[in-house]
Amino acid sequence: MLLDRWKGGAFPLAFGLLMAVLAAVPFFAGLFYQTFLTEILVWALFAISFDLIFGYTGLLSFGQALFFGLGGYAVAIPVLKLGLGTGAGLLLSVAVPAVFAAFVGFFSVRLTGIHFVIITIIFALIGSTVGETWTSLTGGADGLVFMAPPLDLGVAKLDLMDIRITYYLVLAVVALSFLFLRRMVRSPLGKVFVAIRENEERARLIGYDVRRYKLLAFVIAGGLSGLAGGLYSLSLKYASATFLHWSVSGHAVVYTIVGGAGTLLGPVIGAGLIMSLEHYLVKLLQATDLVVGAVLVSTLLLAPRGIVGFLRGRRK
Amino acid sequence: MKERKGKKSVREVMGTEISRRDFLRTTAVGAAGLAVGSLPFTPFTYGASMPIRIGMIQENTVGATAYGYWLTKAAKAALAKLNADGGIAGRKVELIDYDTKVNPAWASSMFKKLILEDKVDFTMGSVHSGVQMAVFPLAEQYKIPYIGGGAMAAGLTGKDAIAYYSRIHTHARMQAAAGWKWGFDNLGKNWTFLVADYAWGHSLAEEFGSRIKAAGGKAQTILAPQNTGDFVPFLQKVDPETKVLFTAFLGAPALGVMRQTVELGLHKRLQRYTVICCTDGVGQETVGKESAGAHYLSYYPRHASQVPKELQAYDKAYRKAVGMTDDAKDASDPKNTATVSHMWTMWTTPYMIKQAVEQSGWKDSKKNADFMKAFNTLKVKAGPWAPQGDLVMRENDHQGFHDHYLEEVQPDLSLKVIARVPKEKLMYDAPVDLRSKL
Amino acid sequence: MASNLAVAVLNGIVWGLIMALIALGLNLIFGLLHIINMAHGALYMLGAVFSWYVIELTGNYWLALFVAPLAVGLIGLALERGLLRTIEDQPLVTIICTFGIMLVLQQLVLTYFGGTARRIALPIPGRFPLFDLQYPLMRIVIAAISVAVMGGLWFFLNRTRYGLWVRAVVQDREMAVALGIPVHKVYMWTFVLGSVLAAFSGVLAAPIVSVDFMMGREILIMAFIIVIVGGMGNLWGSVVTAVVISLIHGVGSIFVVPSTATVFSLGFMILVLLVRPQGLFGE
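Residue numbers (this note's numbering), protein chains in the order written: chain A, 3 to 318; chain B, 32 to 469; chain C, 2 to 284.
In short, the hints are calculated from the structure, not lab data. Predicted model only: the values in this text are computed from it and were never measured. Honestly, I wouldn't trust all of these hints.
Stated by the list, open to error - With a straight-line cut-off of 20 Å between C-alpha atoms, the simulated DMTMM-like cross-links for lysine to aspartate or glutamate are:
1. Lys360/B - Glu219/C
2. Lys285/A - Glu148/B
3. Lys397/B - Asp164/A
4. Lys366/B - Glu57/C
5. Lys150/B - Glu125/B
6. Lys410/B - Glu389/B
7. Lys107/B - Asp364/B
Based on the sequences and whatever the hints tell you, model everything.
Take a look at the structure:
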């Protein structure tokens with residue numbers, strides 16, 4: 003069964019094949035599909051970072067948009083106002099949100115359940131309120147437009163105005179992040195996260211400093227959400243305070259739930275599926291969110307473990 | 032590698048298991064499908080010329096529906112007329128349009144779709160400054176001419192201007208230049224600006240306020256969140272000496288602030304003044320009978336009877352073409368009010384595109400720069416295509432100039448034009464010079 | 002200054018009482034069913050939207066006040082029976098599910114009601130002088146209606162059989178089952194009641210803020226904050242917290258820019274959550 007082998011030794015082959023296919027896309031698909039896939043990859047990254055804290059550690063945060071939006075601005079502001087390079091911007095898009103995540107997480111992980119959900123939303127609300135009013139820095143809801151200078155890698159300069167190059171860059175970054183997260187969730191650290199999700203009290207009794215592990219997961223997720231936001235604003239050449247609003251977190255939630263929480267592969271599939279659905283629906287129906295909401299509710303009621311969870315379950 | 036002996040039965044494939052081969056096969060098929068779907072569909076027709084495609088983005092859903100509805104209506108009517116008159120340079124004109132959802136990121140995706148998938152030649156539309164900002168990088172990168180629909184941030188033809196964007200209509204700075212003096216002379220010298228706390232609100236308060244102050248008046252600014260429901264806490268802060276209350280909000284809050292101003296009895300001691308953007312597309316009866324006595328700075332008279340005499344014939348034909356009555360109602364639905372001051376841009380723009388194509392000899396995207404140069408030097412005379420009157424483009428900042436109006440709400444809730452500000456009177460120095468960029 | 006303060010206090014109380022109804026509905030649903038209803042703001046919005054339709058047809062606001070909450074109650078019934086019943090015992094799942102329901106409800110209203118805001122005429126025009134400002138009479142009436150509804154709720158919970166059942170199930174579910182109380186029915190009717198309260202708020206708020214399909218989104222977060230800070234399951238806590246928060250925000254807005262007031266009140270919420278997660282009045 004493929005999805006089981008995904009975990010085992012056959013994974014490198016399957017992953018390698020998938021990468022080969024994705025890498026080949028620019029050779030037979032038009033520019034539009036390349037940009038579309040780029041977007042899917044970015045949101046997939048946002049979704050898998052959410053999966054880390056929700057699917058694996060059991061923390062439901064509706065405030066991840068804060069880190070996503072910060073990541074976007076961490077690229078836009080230095081590039082636009084300080085003349086920094088794109089590479090520096092990308093590094094900042096991980097570092098700055100991670101620092102904020104450490105701060106937010108430090109307070110939030112003391113709470114559980116609905117309290118945790120609410121406090122993460124409140125932090126995101128503070129972020130978006132500040133973002134929308136501090137217009138001299140952020141451009142407010144109208145946002146900032148910037149030209150991304152070529153990414154200087156030492157051995158080569160990547161022109162980010164070229165769609166194909168941006169696609170490869172995003173593909174590489176997202177693939178690496180995926181591998182990184184996969185490695186993490188299969189390591190002893192990942193097992194601790196799952197233990198916390200399954201029964202926090204028991205994990206504590208065994209001797210794990212639960213709060214510290216939750217904070218770690220939160221910071222990693224925050225950094226990766228920021229990276230997704232940074233890639234997003236790079237691909238759009240635009241950042242806006244609207245990226246900070248808590249409802250943006252909803253995207254990650256929907257893609258993860260529909261794809262299958264706690265699987266890493268699930269959120270990726272969820273992102274691709276829902277975004278493709280919206281793309282094709284938009285010619286028929288303006289209110290695509292209607293369908294997305296309906297798909298979310300249906301998934302929760304009929305296949306709560308999402309597509310991947312459903313497929314894995316079915317094999318029994 | 033998992034071995035599969037023999038062919039799988041249909042049941043095995045569709046039923047309980049999915050093998051890796053199927054997974055990969057599906058991925059490959061999917062990818063191939065995407066590829067095929069993306070191949071440009073170019074029928075080879077020798078002799079027949081290809082149509083010119085105009086891509087349009089509008090706010091059709093979420094908060095600005097009236098704008099999207101009427102701007103689209105005007106655009107479609109304009110294209111119908113253009114095609115009936117022979118098209119542009121003998122070629123048929125097609126319109127492809129998408130909703131922005133008032134979401135800059137979504138709009139950016141749709142704009143990309145227009146350029147890369149639908150392969151449009153020109154783009155236009157949208158009344159939202161954030162949306163336009165978000166698509167600027169795309170217009171610039173692909174050198175696709177983009178003519179704005181009705182966004183009012185001054186910076187779009189100022190500090191944020193790009194070479195491939197033009198705006199034929201007014202904006203916050205022009206509105207201030209057009210409307211401050213009349214208000215100062217006729218309504219009062221002490222003003223309070225109660226505006227939405229973001230770029231558009233700020234710029235109106237700033238542009239009007241600085242001119243008021245320079246002339247010796249007073250300007251107080253009160254900022255309220257864009258989605259404020261209850262304005263009482265803000266209205267009570269209005270300076271007791273204020274004589275003119277200038278508000279700037281969109282959507283539900285615009286109705287709210289106007290009504291609550293009356294509810295608090297403030298309309299008895301001060302004059303109400305605002306730009307029509309707040310309630311264009313909203314019937315005055317929805318704003319309320321208490322709005323009688325309020326003043327609007329507008330860019331096109333709402334009622335046909337108020338249109339200047341020399342323009343009335345053109346206005347009549349225009350209203351008929353776009354399906355709007357003499358009182359700016361939808362001919363097919365009297366409950367629906369037209370966004371009169373904004374929608375004319377989508378009627379005139381296709382005509383200006385035609386002019387620029389013919390003047391520059393544009394045949395395809397290779398001449399986009401020449402097109403932009405031609406477009407930004409156009410001088411449009413009042414006529415069937417310009418019922419709003421003469422319109423002059425300025426090359427330096429790609430900004431168009433046209434007349435403005437002062438309208439006052441009558442007791443019967445109609446809008447009466449009490450003053451007209453000719454375009455010569457609302458000039459300001461070009462903040463940017465784009466001429467070298469094309 | 003005196004008039005500013007007077008208006009701020011009066012307004013704070015009026016809004017506090019409107020928010021109290023929403024928070025009460027949310028609290029009932031949470032306190033009893035442990036359902037975190039993210040669609041609650043959408044139910045508030047539906048109350049306002051339905052009232053608009055009733056007024057369009059009949060011109061009668063008082064009729065709308067009666068009909069709209071009932072209609073939303075029916076929707077609540079359908080939601081609880083059809084969608085939520087199977088997942089009621091999984092709090093995280095219900096949060097996400099009700100988020101999806103919120104999206105669907107919002108978009109349905111967008112499709113049929115439209116994206117532009119509409120206005121409801123004040124059923125009681127007229128103002129009374131308050132120092133050198135004037136204050137709309139309708140708002141006082143709205144506050145009074147809210148108090149009346151709260152009174153009705155109190156009566157229901159403390160003087161009727163159903164109310165007794167509700168309180169019994171909250172206190173000890175197993176025991177209630179053992180005593181023969183139809184627990185599932187209680188759950189269902191509580192959700193309906195919560196929905197009705199949210200809708201009532203919507204109808205009361207509609208003449209003030211105008212009706213539009215997004216009006217529930219900001220209200221939702223405020224309602225959650227009130228319920229949590231006031232103490233989940235503590236109904237009086239919600240009422241007091243709603244009024245206090247509204248007063249603080251209203252009076253604070255006199256002195257600082259509103260977004261600053263918002264950020265500070267959000268910061269205060271975080272403090273309460275950390276220091277006293279059971280809420281100011283929770284046990």
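Here is how each hint holds up against the structure:
1. Lys360/B - Glu219/C: Not OK: Lys360/B and Glu219/C at ~33 Å, beyond 20 Å, violated.
2. Lys285/A - Glu148/B: holds, 13 Å
3. Lys397/B - Asp164/A: holds, 19 Å
4. Lys366/B - Glu57/C: holds, 12 Å
5. Lys150/B - Glu125/B: Answer holds: Lys150/B to Glu125/B is near 12 Å, not above 20 Å.
6. Lys410/B - Glu389/B: holds, 14 Å
7. Lys107/B - Asp364/B: holds, 18 Å
The structure fails to meet hint 1 from the earlier list, while all remaining hints are met.
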